[in-house]
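2 protein chains.
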Amino acid sequence: MLDFSFQNPTKIIFGRGKIARLSKEILKNKKILLTYGGGSIKNNGVYDQVHTALSGYKVFEFGGIEPNPSFETLMNAVELARTEKVDYILAVGGGSVIDGSKFIAAAIHFEGDPWDILAKHAGLQKVVPLATVLTLPATGSEMNSGAVVSRKSTQEKLAFHSPLIFPQFSILDPTTTFTLPLRQTTNGIVDAFVHVMEQYLTYPVDAPLQDRFSEGILQTLIEEGPKALTTPHDYNVRANIMWSATLALNHLLSMGVPGDWTTHMIGHEITAEYGLDHAQTLAIVLPSVMYVKRDEKQEKIIQYAKRVWNIGPADAREALLKLHPEDADSETAITNKIIELAIAKTRQFFESLGAKTNLSDYGIDSNSVSILLGRLEQHGMVKLGEKGSVTLATSKEILENCL
Amino acid sequence: MLDFSFQNPTKIIFGRGKIARLSKEILKNKKILLTYGGGSIKNNGVYDQVHTALSGYKVFEFGGIEPNPSFETLMNAVELARTEKVDYILAVGGGSVIDGSKFIAAAIHFEGDPWDILAKHAGLQKVVPLATVLTLPATGSEMNSGAVVSRKSTQEKLAFHSPLIFPQFSILDPTTTFTLPLRQTTNGIVDAFVHVMEQYLTYPVDAPLQDRFSEGILQTLIEEGPKALTTPHDYNVRANIMWSATLALNHLLSMGVPGDWTTHMIGHEITAEYGLDHAQTLAIVLPSVMYVKRDEKQEKIIQYAKRVWNIGPADAREALLKLHPEDADSETAITNKIIELAIAKTRQFFESLGAKTNLSDYGIDSNSVSILLGRLEQHGMVKLGEKGSVTLATSKEILENCL
Chain A
1 MLDFSFQNPT KIIFGRGKIA RLSKEILKNK KILLTYGGGS IKNNGVYDQV HTALSGYKVF
61 EFGGIEPNPS FETLMNAVEL ARTEKVDYIL AVGGGSVIDG SKFIAAAIHF EGDPWDILAK
121 HAGLQKVVPL ATVLTLPATG SEMNSGAVVS RKSTQEKLAF HSPLIFPQFS ILDPTTTFTL
181 PLRQTTNGIV DAFVHVMEQY LTYPVDAPLQ DRFSEGILQT LIEEGPKALT TPHDYNVRAN
241 IMWSATLALN HLLSMGVPGD WTTHMIGHEI TAEYGLDHAQ TLAIVLPSVM YVKRDEKQEK
301 IIQYAKRVWN IGPADAREAL LKLHPEDADS ETAITNKIIE LAIAKTRQFF ESLGAKTNLS
361 DYGIDSNSVS ILLGRLEQHG MVKLGEKGSV TLATSKEILE NCL
Chain B
1 MLDFSFQNPT KIIFGRGKIA RLSKEILKNK KILLTYGGGS IKNNGVYDQV HTALSGYKVF
61 EFGGIEPNPS FETLMNAVEL ARTEKVDYIL AVGGGSVIDG SKFIAAAIHF EGDPWDILAK
121 HAGLQKVVPL ATVLTLPATG SEMNSGAVVS RKSTQEKLAF HSPLIFPQFS ILDPTTTFTL
181 PLRQTTNGIV DAFVHVMEQY LTYPVDAPLQ DRFSEGILQT LIEEGPKALT TPHDYNVRAN
241 IMWSATLALN HLLSMGVPGD WTTHMIGHEI TAEYGLDHAQ TLAIVLPSVM YVKRDEKQEK
301 IIQYAKRVWN IGPADAREAL LKLHPEDADS ETAITNKIIE LAIAKTRQFF ESLGAKTNLS
361 DYGIDSNSVS ILLGRLEQHG MVKLGEKGSV TLATSKEILE NCL
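Residue numbers (this note's numbering), protein chains in the order written: chain A, 1 to 403; chain B, 1 to 403.
Chain A with its partners taken away, still in its complex shape (with noise of 0.2 angstroms):
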């Protein structure tokens, strides 16, 4: 196991009717900035809950945070929150309206340019305290010191990191959850299944705990994940994996395992330049990944197999049995057969969900490798993943491989 040390402050208040509680957790004396993205938490009265918690608090409004949230948007709510000398942000939303309400509290007091927080990490001495009402789980940032924020203008998208701005407290309430577009839902539950992915499948540290605990999030997004798009009502669906996605990125699994990050890399220069949203780029990434790096990443992938898909030598062999009779005694072969099925499961479960995992299944063609390539070294992306071996020329044959 490697070394780690391990700080997560925020508070889960989790259960239905729980926004009603934001009265208990901000202080009444407290200007609140209240961020939000394209309104459909007035749809699904999630919107008036939290008015109705907070009256009495002086509440400014800043709705419009859009997915992959833009700096010049957010640069606006700053200019609100300092005019209005706001002293408390609640972001409600998913992953997006976080993300940007955490830039928003990073960039209120901070002097300079607010760009340099995520274009040279610059160093933050005071932060707006920050609350969120999660209703779209994916991203994990309800619980994490992390955000990811773009620039229209130059189609960039970076992240920073600060334990400054950890959520002090944040509202899960999975009936919010019950009316998300298909899309979102599915989104969701890719997002977070890649984000215990780039945690666990690297090289094995001996840290069986990290490991089953990562194994417990893949498996219950596996059995949850379809009955949210049959039965998106159940609360107990909804709440399995709001938790899950939470849990899949709030700093535990991490500690003392090496972490990979490739697929997220690449994923982001995607979405940078085509749009595609977040999650579709990474159902699109990992498999690519999984089989490009599928050597360095073996015994993970082995073991990936066999506990997250109940995929052993037997099933190998049956298969090689089937196409290459020849190779069914080959312990190379039935390990690159156990690979190939691993892989395969991974894509079926994200289609299945309706993820697509081709690039060209967005219509975009293999042009796209050297303008993605060239992006990534722009940005430094050039020693990539958990032993820093991706390098241009592995993301070339990764994305390739994504077409």
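Derived by calculation from the structure, the hints in this document are not laboratory data. Hints may contain errors.
Stated by the list, open to error - Some chain B residues close to chain A (C-beta under 8 angstroms, calculated; not the full set): (1) Phe4; (2) Phe6; (3) Lys11; (4) Thr220; (5) Ser366.
Note that the Cβ used here is the ideal one computed from N, Cα and C, for glycine as well.
Position chain B against the provided structure of chain A, taking the given hints into account.
Below, chain B alone, put in the same frame as chain A:
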């Protein structure tokens, strides 16, 4: 899934040599009370490492906190802390030292009789900040907000909880556990195992992720525990046990699910009356609780049998065919046999680590039953368990099965 609130602000600093980080975590102007137990930290180098790290600080010492820390002993530390105006407590040791130090931290500024913190669950207004250096993985006290304290004069053993007594940070260096006596290693593994079981082996509430996290810790303890006895200097083995024990009782597993705690409540009385180690009592009581409550816990015991011990209907049928072939096709007989095998495995696991599983192993005979029932009654322990169904009559049955 049940509703819940979760917050755990303790910082964990995990790895070799991390005791040196003390001076980065505690402000230089603090007056520290260093608390410890019987002095093993003076033999294994931990005491020296702590003093080296704290050079330049004003440090007072209070050693001699005993296993099952006593109110009487702890009040001497409270007096010292008050006299010297201590404003930071650093507990160096295992669960007893940490629990005792939590009580000291709570009692120093308590107005009135500090015994009320335990006996009346009196609310705390102000506590002295506390940190820990863990040397015995077992109780999880290094990352939770509870503590158990005994009173010698009345042979009582009582718990208190407060969010104010979360340690600010805990240093977990697995190398500090290399030289633990065998009995303490065993106790720690049993304690962590039973902590998980108390939160897991109840009834299903459709919370598959919590179940899998629990099963992950149980499996890790089952795999790593025996190795700690045979290769006590194996860093990863010690690290995996240490992290498992911390996560076994840092509140995470219990979120959204019912809890039992019958084993602990009965075990506390055995310790108070007969002086057995805490974990020794748990190894005796748990198998008996599983047996007596097998109907109420049936679904979870079957799941535990399958996922943790890989015992299913086929194993049960095989066992029946040997002894009761006429029952081998009876569903009820198969279910009962699975439960029997799961309890036997649990008992064997404890015994394999050197923990006895019967009261008679300690020379305690059937006279103990009425004595212990009297204590349970005296402490209001008349409706224990996840459904409040463990009356004194049920406890009697459990205790009789412990003999």
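Hints versus structure:
1. Phe4: Constraint on phenylalanine 4 of chain B satisfied, holds at 5 angstroms.
2. Phe6: Where the cut-off is 8 angstroms and the nearest Cβ of chain A is about 4 angstroms from phenylalanine 6 of chain B, the hint holds.
3. Lys11: holds (4 angstroms)
4. Thr220: holds (5 angstroms)
5. Ser366: violated (40 angstroms)
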